[in-house]
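2 protein chains.
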Amino acid sequence: MKTQKAIAWLALLVTSLYGAAQTRASVERYVADHQQEILGEFVSLLSIPNVASDKPNIRKNAEQLRQMLLRRGFAADILETDVNPLVYGELRVPGASRTILWYAHYDGQPFDPKLWKQDSAFKPIMRDGRMEDGAKEIPDFSSLKTYPPGARVYARSASDDKSPIIALLAAIDALRASGQQPKSNVRLILDGEEEASSHGLISSLPKYKDKYRAEMMLVLDGPVHSSGKPTVVFGGRGIATLELTVFGPKFALHSGHYGNWVPNPAMDLIQLIASMKDDNGRAVVEGFYDDVPPLTAEEKRILASVPDDPQELMQFFGIARTDKVGGSLQEALQYPSLNVRGLRSAYIGSEARTIIPESATASIDIRLVRETDPDRMIRRVIDHIRKQGFYVVDKDPDDATRAKYPRIIRVTSGSGGATFAGTKAYRTEMNHPAAVEITNVIQRTWNEMPIRIRTMGGTVPMAPFAETLGFPIISIPVVNFDNNQHSENENLRLENLWKAVVTFAAVLAM
Amino acid sequence: MKTQKAIAWLALLVTSLYGAAQTRASVERYVADHQQEILGEFVSLLSIPNVASDKPNIRKNAEQLRQMLLRRGFAADILETDVNPLVYGELRVPGASRTILWYAHYDGQPFDPKLWKQDSAFKPIMRDGRMEDGAKEIPDFSSLKTYPPGARVYARSASDDKSPIIALLAAIDALRASGQQPKSNVRLILDGEEEASSHGLISSLPKYKDKYRAEMMLVLDGPVHSSGKPTVVFGGRGIATLELTVFGPKFALHSGHYGNWVPNPAMDLIQLIASMKDDNGRAVVEGFYDDVPPLTAEEKRILASVPDDPQELMQFFGIARTDKVGGSLQEALQYPSLNVRGLRSAYIGSEARTIIPESATASIDIRLVRETDPDRMIRRVIDHIRKQGFYVVDKDPDDATRAKYPRIIRVTSGSGGATFAGTKAYRTEMNHPAAVEITNVIQRTWNEMPIRIRTMGGTVPMAPFAETLGFPIISIPVVNFDNNQHSENENLRLENLWKAVVTFAAVLAM
Numbered sequence: 036m037k038t039q040k041a042i043a044w045l046a047l048l049v050t051s052l053y054g055a056a057q058t059r060a061s062v063e064r065y066v067a068d069h070q071q072e073i074l075g076e077f078v079s080l081l082s083i084p085n086v087a088s089d090k091p092n093i094r095k096n097a098e099q100l101r102q103m104l105l106r107r108g109f110a111a112d113i114l115e116t117d118v119n120p121l122v123y124g125e126l127r128v129p130g131a132s133r134t135i136l137w138y139a140h141y142d143g144q145p146f147d148p149k150l151w152k153q154d155s156a157f158k159p160i161m162r163d164g165r166m167e168d169g170a171k172e173i174p175d176f177s178s179l180k181t182y183p184p185g186a187r188v189y190a191r192s193a194s195d196d197k198s199p200i201i202a203l204l205a206a207i208d209a210l211r212a213s214g215q216q217p218k219s220n221v222r223l224i225l226d227g228e229e230e231a232s233s234h235g236l237i238s239s240l241p242k243y244k245d246k247y248r249a250e251m252m253l254v255l256d257g258p259v260h261s262s263g264k265p266t267v268v269f270g271g272r273g274i275a276t277l278e279l280t281v282f283g284p285k286f287a288l289h290s291g292h293y294g295n296w297v298p299n300p301a302m303d304l305i306q307l308i309a310s311m312k313d314d315n316g317r318a319v320v321e322g323f324y325d326d327v328p329p330l331t332a333e334e335k336r337i338l339a340s341v342p343d344d345p346q347e348l349m350q351f352f353g354i355a356r357t358d359k360v361g362g363s364l365q366e367a368l369q370y371p372s373l374n375v376r377g378l379r380s381a382y383i384g385s386e387a388r389t390i391i392p393e394s395a396t397a398s399i400d401i402r403l404v405r406e407t408d409p410d411r412m413i414r415r416v417i418d419h420i421r422k423q424g425f426y427v428v429d430k431d432p433d434d435a436t437r438a439k440y441p442r443i444i445r446v447t448s449g450s451g452g453a454t455f456a457g458t459k460a461y462r463t464e465m466n467h468p469a470a471v472e473i474t475n476v477i478q479r480t481w482n483e484m485p486i487r488i489r490t491m492g493g494t495v496p497m498a499p500f501a502e503t504l505g506f507p508i509i510s511i512p513v514v515n516f517d518n519n520q521h522s523e524n525e526n527l528r529l530e531n532l533w534k535a536v537v538t539f540a541a542v543l544a545m
Numbered sequence: 036m037k038t039q040k041a042i043a044w045l046a047l048l049v050t051s052l053y054g055a056a057q058t059r060a061s062v063e064r065y066v067a068d069h070q071q072e073i074l075g076e077f078v079s080l081l082s083i084p085n086v087a088s089d090k091p092n093i094r095k096n097a098e099q100l101r102q103m104l105l106r107r108g109f110a111a112d113i114l115e116t117d118v119n120p121l122v123y124g125e126l127r128v129p130g131a132s133r134t135i136l137w138y139a140h141y142d143g144q145p146f147d148p149k150l151w152k153q154d155s156a157f158k159p160i161m162r163d164g165r166m167e168d169g170a171k172e173i174p175d176f177s178s179l180k181t182y183p184p185g186a187r188v189y190a191r192s193a194s195d196d197k198s199p200i201i202a203l204l205a206a207i208d209a210l211r212a213s214g215q216q217p218k219s220n221v222r223l224i225l226d227g228e229e230e231a232s233s234h235g236l237i238s239s240l241p242k243y244k245d246k247y248r249a250e251m252m253l254v255l256d257g258p259v260h261s262s263g264k265p266t267v268v269f270g271g272r273g274i275a276t277l278e279l280t281v282f283g284p285k286f287a288l289h290s291g292h293y294g295n296w297v298p299n300p301a302m303d304l305i306q307l308i309a310s311m312k313d314d315n316g317r318a319v320v321e322g323f324y325d326d327v328p329p330l331t332a333e334e335k336r337i338l339a340s341v342p343d344d345p346q347e348l349m350q351f352f353g354i355a356r357t358d359k360v361g362g363s364l365q366e367a368l369q370y371p372s373l374n375v376r377g378l379r380s381a382y383i384g385s386e387a388r389t390i391i392p393e394s395a396t397a398s399i400d401i402r403l404v405r406e407t408d409p410d411r412m413i414r415r416v417i418d419h420i421r422k423q424g425f426y427v428v429d430k431d432p433d434d435a436t437r438a439k440y441p442r443i444i445r446v447t448s449g450s451g452g453a454t455f456a457g458t459k460a461y462r463t464e465m466n467h468p469a470a471v472e473i474t475n476v477i478q479r480t481w482n483e484m485p486i487r488i489r490t491m492g493g494t495v496p497m498a499p500f501a502e503t504l505g506f507p508i509i510s511i512p513v514v515n516f517d518n519n520q521h522s523e524n525e526n527l528r529l530e531n532l533w534k535a536v537v538t539f540a541a542v543l544a545m
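Chains as they are written, first to last, in our numbering: chain A, 36 to 545; chain B, 36 to 545.
Treat the hints with caution; some may be incorrect.
No copy is singled out in the list; a pair is fine if it fits within one copy or between any two copies.
Okay, derived cross-link-like pairs now, DSS-like style, lysine-lysine, Cα gap no bigger than 27 Å in a straight line [as the list claims (entries may be wrong)]:
{"no.": "1", "residue 1": "359", "residue 2": "439"}
{"no.": "2", "residue 1": "152", "residue 2": "422"}
{"no.": "3", "residue 1": "95", "residue 2": "422"}
{"no.": "4", "residue 1": "242", "residue 2": "152"}
{"no.": "5", "residue 1": "246", "residue 2": "359"}
{"no.": "6", "residue 1": "285", "residue 2": "152"}
{"no.": "7", "residue 1": "359", "residue 2": "422"}
{"no.": "8", "residue 1": "149", "residue 2": "285"}
{"no.": "9", "residue 1": "335", "residue 2": "95"}
{"no.": "10", "residue 1": "285", "residue 2": "359"}
Don't read these hints as lab results, they were simulated from the structure. This structure is a prediction, so every number in the text was calculated from the model and none was measured.
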């Protein structure tokens, strides 16, 4: 019995190892033969401006993407939302026993054109390496059939997030060229305002949820680990934000005439926020970490297997100490954080005036993990503020309020500019069958264990999908770490694009 | 013997009471007959723009003032300094046994023209009361010979500080009209950049000190007490400033990716400043109050005699508590203060970005009293900063410094934009013979004890005069409290101008 099981398992292993190797080889061959064609479709897509607020061009992107899906035999639609349209495609595979929902976004971060070292962020150029290392532009690259090993394409959304879309479609083409089809039905949702909080996507979830049903959701966004190794991400932190304004005198006062007598709101705000954390960066707000169970030994082991180099990171950032919320960067990201992202009261530097300011404001973001609900975390912070003796208001205090309360603070909460309280975190446990399956297929394809990120620090608004549709969500990042994401001179290392085609083809074929 | 003394004392008292009453009556008569003339000279002086940086107009002011002094028989000169010129005048009185140095300034605060409710801050208008109470403009007021009781002149420097100059010269005219002369030699120094730190005046002290020698110095600046009663001020707080910048990562980082691991400089700054004061607004920096001897019972009594109404002030400012450095506002002003005048780190509100900022800055002013030296106080704060674990630098840290020190702060100190470490406080003890003499002559003139301010909260740079020339310094403020000093729509209540002529005449005749 034992022997039979072992033989069956070995047979399966050999088959899948062989299958993975075969898929990789044939896809790599396809890619080698079609680089110019893949790049041509990529450049064409990058040439359509895609800042979320640019409605006419957003719609041009959507239409071009729909055509790209139609050409591959998808049933493709534009799904309207309150804001920007989604592009939706479905590819049914005969005999498929399950469906995978793939996600990417086609909008890009806004930017300052003056900071780009090229004519336009929407006129892609190629360089023979990394610009910051002195790489030179390769002129007329569209006429080339192959490219230097370190070549990169520079354009807005080259990495974030148009290249995964190109890679996924090329992967389907590559499979078909070798006579294969995806093994699962493909559902693809392309978001038109991820960089502007995905409000349309999330708010349309009730309306379109039947289109999104699947056995798992794969998110194609973000860079691989800084080591460049294949990476799988099983969760993302959520975010809640708070803005705190402490009120002082009704108008700024001469600090000579009234200093020592009229309380200073900047000092009150400082004393308040100082009470929220200890010297090691740990929040001391009551209950802040209560919802997060301790990491298991196995979880700690996997977190420790991420090849972060803390000394190198510290040198790169120019810091000589770290906060001590977790034993490492990866552990730290498994806990909620409380971050002062901005402070403002009166003036500094040459603009400084010798006054007692009328108010002082701090903007705070709380990064969440799956166990920490945004509303509950905000409530805990507000409870803490009240315990420090503050009367909490939601608008400027009137005279009666000012006369009654010695310490008054306005607290508003939101997520960026949005009105909802926050974006929840999500996480698929790393021993979930889907997590194991994705990990294994990538391991087999690249002959090495991918770096497994339990929860990444940043936020993608995927939690409502997991809650509504009940499937596991896993991210497969493919672009280079040093892509200048969200910044000027965004770029994609072409090698990452070619490898992404292989990775996605392997997942499609699993 | 006792009886003889009492009789002599009574005789002196009667003489001086009679003298004061006689001077007041004759000066009031003179003023009543010459309001149009006095106002004419005032309006002419107010019509010359006087922002310290406006060099051509500053010189026009100086020349006009020199002419005004020459017309009264002063020996008058323009004294050149590194920056704006001083106007100096000397009036020798036959038989005078002493000299009094009078000080005022002819420059005014810069301003935003758009915020003035009149064509120009340098085109004086008259209103029949306080603008904020709905007072109306009195057209063509120059042709009037008398004015409504509550009338005010609106112009930059109407109160701060051209009216005291006009009042002093009118007082000399009034004395002479009744056949009197000042009893002491008059030396008059008119500062051309008091609102820009009086750097020229102070730095020229060694050069011109022989011109400034006197038995006492009288400063004509600032408003009377808010009660409107005659006021004498015996000291002013000094000021030292500090700017603290805490360094975080070399560039702002994504708060999701690194929050909980990379320390936040805004939080470090907050923890640091929080450690400097307690909940009652008292500094807990070691030695902060050590140099200040406790107030005597007599000093406390005089401070308590100032008719401040804390409830009214708190209501006016919209605050429900006060700091507890002293038992009252006047007591609080007898101690140094530590005030956060500005805070800045990254962004708030709609500009907020979810980052760990690269730095955080606080601008701090320390108000000083006579016993607290600026350099020593700054040293104490820096010692405190070091005790909190910070490495103190005076410029941006390089990589080696960043790698070595877990907490790095840049500390710069100065006074406003100036490079010197601070402006010292000064104070003439209230039982000094000169203090008693001035108090008495004002009491006799107005038949009531003036309000005695031991140390006012604000700063005038008079300490170097007291140190260099060894004389007592006393301020005799005359303008209305609600004059919108340093703000738009500055004004002078005319009644204050007429009374100032009487007060100054009484002092000239003492």
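Now for the hints, and whether the structure bears them out:
1. 359 x 439: between (40 Å within a copy, 18 Å between copies)
2. 152 x 422: Cα proximity of residue 152 and residue 422: none, with 52 Å in one copy and 46 Å across.
3. 95 x 422: neither (53 Å within a copy, 60 Å between copies)
4. 242 x 152: neither (43 Å within a copy, 57 Å between copies)
5. 246 x 359: Intra 44 Å, inter 65 Å, cutoff 27 Å: neither.
6. 285 x 152: Classified as between; 22 Å across copies, 47 Å inside a copy.
7. 359 x 422: both (25 Å within a copy, 21 Å between copies)
8. 149 x 285: Answer is between: at 22 Å across copies they meet the 27 Å cutoff, but 41 Å inside does not.
9. 335 x 95: Answer is neither: 46 Å inside a copy and 78 Å across each miss the 27 Å cutoff.
10. 285 x 359: This pair counts as between: shortest inter-copy Cα distance 20 Å, intra-copy 40 Å.
Violated hints for the displayed structure, listed by number in ascending order: 2, 3, 4, 5, 9.
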